[in-house]
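Participant: Start from the sequences and build out the full structure, keeping to the hints where you can.
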Amino acid sequence: MFADLNDDQRALRGLAREVLEGACPAPAVRRSWQDGGELDRARWAQLAGSDLLGVTVPERFGGLSLGSVEWTVLLEEAGRVVLPEPLLEVAGLAPALILAQAGDDLRDRWLPALASGKAFVAVQLRPGDLVAHLDSAQAVLVVRDDALRVLEPADLTATRVPTVDRSRRLFRLDADLTAVAPRPVPRDRLRRVAALAALGTAAMLVGVSAALLDRTVRHVSQRRQFGRAVGSFQAIQHALANCHVLVEMCRPTVWQAGYLLDHNVDAGLAAAGVAKAYASAAASHVNDVALQCHGGIGFAWEHDLHLWLKRGKSLERAYGSADDHRRQVVTRLFPDE
Amino acid sequence: MDLSYTEDEQRARQRIRGWLDEHVPAEPLPAQHTAEGVEAHRRWERLLHGAGFAALHWPREYGGAGADAVTQAIFQEEYLRARAPRRLNRLALGLIGPSIMDFGTADQKRRFLPAMLTCDELWCQGFSEPESGSDLASLRTRAEPDGDGYRVTGQKVWTSLAAFASWMFALVRTSSGGKRHDGLTMLLVPLRQDGVVVRPIRQLDGEAGFAEVFFDGAKVPKSHVLGAVDDGWRVALAALVHERATGVGNYAQFSDDVAQLVRLARDAERGSDPVLRSRIAQLFIDTEVFRAHMQRVASVRHEGELARLANITKLFWSELETRIFETASELLGAEAERADHGDLGFSGDFQRRYWHARASKIYAGTNEIQRNVIATRVLGLPRGDG
Ligand SMILES: Cc1cc2nc3c(=O)[nH]c(=O)nc-3n(C[C@H](O)[C@H](O)[C@H](O)COP(=O)(O)OP(=O)(O)OC[C@H]3O[C@@H](n4cnc5c(N)ncnc54)[C@H](O)[C@@H]3O)c2cc1C
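Quick mapping for you: the protein sequence lines, in order, are chains A and B.
If you read the first sequence in the working numbering, its first letter stands for residue 1, the second for the next number, and so on.
If you read the second sequence in the working numbering, its first letter stands for residue 338, the second for the next number, and so on.
Any given hint could turn out to be false.
To be verified - Listed next, the stretches of chain A that the computed footprint assigns to chain B, with coverage defined by at least 3 CB atoms under 8 Å from CB atoms of chain B:
id, region
1, 27-35
2, 225-239
Stated by the list, open to error - Estimated spans, in silico, between C-beta atoms of each pair:
id, chain 1, residue 1, chain 2, residue 2, range
3, A, D176, B, T343, 52 to 60 Å
4, B, L541, A, P162, 35 to 43 Å
5, A, Q225, B, T442, 47 to 55 Å
6, B, H639, A, A267, 24 to 32 Å
7, B, E346, A, R332, 49 to 57 Å
Since the hints were made in silico from the structure, they are not lab data.
Quick caveat: nothing in here was measured; it's all calculated off a predicted structure.
Every residue gets a Cβ at the ideal spot worked out from N, C-alpha and C, and that includes glycine.
Facilitator: This is how it looks when you write it as structure tokens:
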């Protein structure tokens, strides 16, 4: 039993942090807000060049053959820099769905292209879900009724939906699914992909929360009132100490869920829900404290803080809110109802 | 990350489980805060010691099993599963013994460690005083040189287990004038002597678990100074790190408590209430999060990282325990007011556990102090009015 990141996993975290901080500094996120979150192909190529897009893709398809733990480590770093691109879907859910179905044709066609960054594939797990970057996708993987359908751009209409976080580029998808052949996927495998979606989102939220905490610590250490740094006031210190506890408690929960989804799927399904429930609630709290401790400047559109605040609010609800996942725990603990 | 147990770990679990299944008394022992209870628990501890289970975390050279943190957690899981008796010499095994290993002379180790394992000598921790709680370094109980040793004068308070202890691990003042942290010394004080009066104090849970201890010229030989004279603050801080390292298996207790809440809720009339069920589900989530955290702690090797996680552990665990028992009270409804609590679940121990939980945010460094430490030492915030 070893319930911490090992040296390789720490090295991956270091690499991901370095690459993502270089490729996606705050001004780049600002630009993305201005251009409506358009896919930045140079940035995407940079991630591909550092092998970060194929983390969970098997080696024979050009990936790193790593597990879900490593994948959550990567996503935490993506959350930390509020990466506009949908790394969760393209470099996680898409390969997982393709591996969950049996067709070699899909694997051969898409996995190497996903790992190398040459292809960009969107995902819709549930009817009505908004789809990220649908306009740049060469294909959309749509899950319905125990089956996967691969839609080409010609099969669908994409309608842009304006979002509060303007670097999240979301679309409503309309398509006649009966016109596309379904590929059956075992139900437990689809459940695992849904759990990966919740878990990956939880991991990104941990990154968002950690970044909010870092930024807030920096701000209150510099901002002075009453002749001293506001970070020396105990009310501020205790609020931030609580945030630190929340962030640190999230991490091992997320890692363990990642491990379990690869080794013991039933336990992993439950653990991923626990992780998302906890990370969403923690993120909501940190979000609140971060704005409060910034005072008026934090409420100014021009200040960078809201890039993190707004991404956090989106992710809190994406793939199930804290309440949604707690409701599932209720159902599991009290199966009679 | 590797959550599977190694073959060695699985074998250790089997051995522990087999032994406990065979030896754990069928009937609960008498309460620990009675003389009869102390004797019964002492006998149990000797049995544990004979099997090599008294101090898994102590190195072999001192009579322990030299087990790593994961094996300790396995032991605590199994200990709980077997509903084995509450441990007796907790402070000696968890905090004072390891401090003697760190700072003690060869003579001190030989003299004190074996009797801790057999519970021939029970220990208490004398830090807090009436005027010095959170601000520990302000303490005033003083030790003055006298012939071949010291004479101790002053008062300790809230001293757990003092009523039955024969020794105290006491932080006292040996010089004043300089910086206040610098004039403190750790003494190993024999309590069974003239000049020491122990007066038990009844706690909110009804037990006389702690006590006040008065020193009026009590004698302590020079050979019972632990570490250097005037260097007691360093010894005390190191002891607190050991204190935090002992609870690696606590999560098993909480998970078990929540499982019990679920069972109670399934049977109770109030148990179908969706608001209550939601609260219990949240506790389930919190205990799972705590388990993952403690398993991480058991895996961390780096001292600095361990110390950083220890403050988090104390905050989280104490607040979780309080929430668990508040929710249990809610579930019991009007019944929770009853003092004849034998049938209220939690092994007939509901009221004691409820009230004991209420103390957990106060002892082992109040939660406010833990937050101060996180803010200034971990987050690096500027020191201020805290
Ligand atoms: C059940 C139990 C068992 C105990 N066992 C032992 C034992 O075996 N040995 C022993 O030595 N002691 C023991 N204690 C004592 C315990 O360590 C102290 O109660 C604790 O350190 C707090 O000190 P105090 O009671 O003087 O409270 P105070 O220090 O007076 O604190 C009162 C309140 O003020 C807050 N406060 C104080 N300073 C600050 C600050 N700087 N910033 C913010 N808030 C602050 C505290 O957090 C608390 O809420 C035990 C206590 C309990 C309840």
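Participant: Please go over all the hints and tell whether each is borne out by the structure.
Facilitator: Verification of the hints:
Coverage of a stretch by a chain is defined here by at least three residues with a beta carbon nearer than 8 Å to that chain's beta carbons; for the region 27-35 of chain A and chain B the count is 0, and the condition is violated. With a threshold of 8 Å between beta carbons, the proposed coverage of the region 225-239 of chain A by chain B holds, since 9 of its residues qualify and at least three are required. Separation of D176/A from T343/B is about 54 Å and conforms to the stated range, judged on CB atoms against 52 to 60 Å. One distance hint, 35 to 43 Å for the beta-carbon pair L541/B and P162/A, is violated here, with the actual separation near 57 Å.
Between Q225/A and T442/B the CB atoms are about 53 Å apart, so this pair conforms to the stated range of 47 to 55 Å. The given range of 24 to 32 Å is respected by H639/B and A267/A, whose C-beta atoms sit roughly 28 Å from each other. Hint check: E346/B to R332/A, Cβ distance near 28 Å, so the stated range 49 to 57 Å is violated.
Figure legend: structure checked against the earlier numbered hints; hints not met, in rising order: 1, 4, 7.
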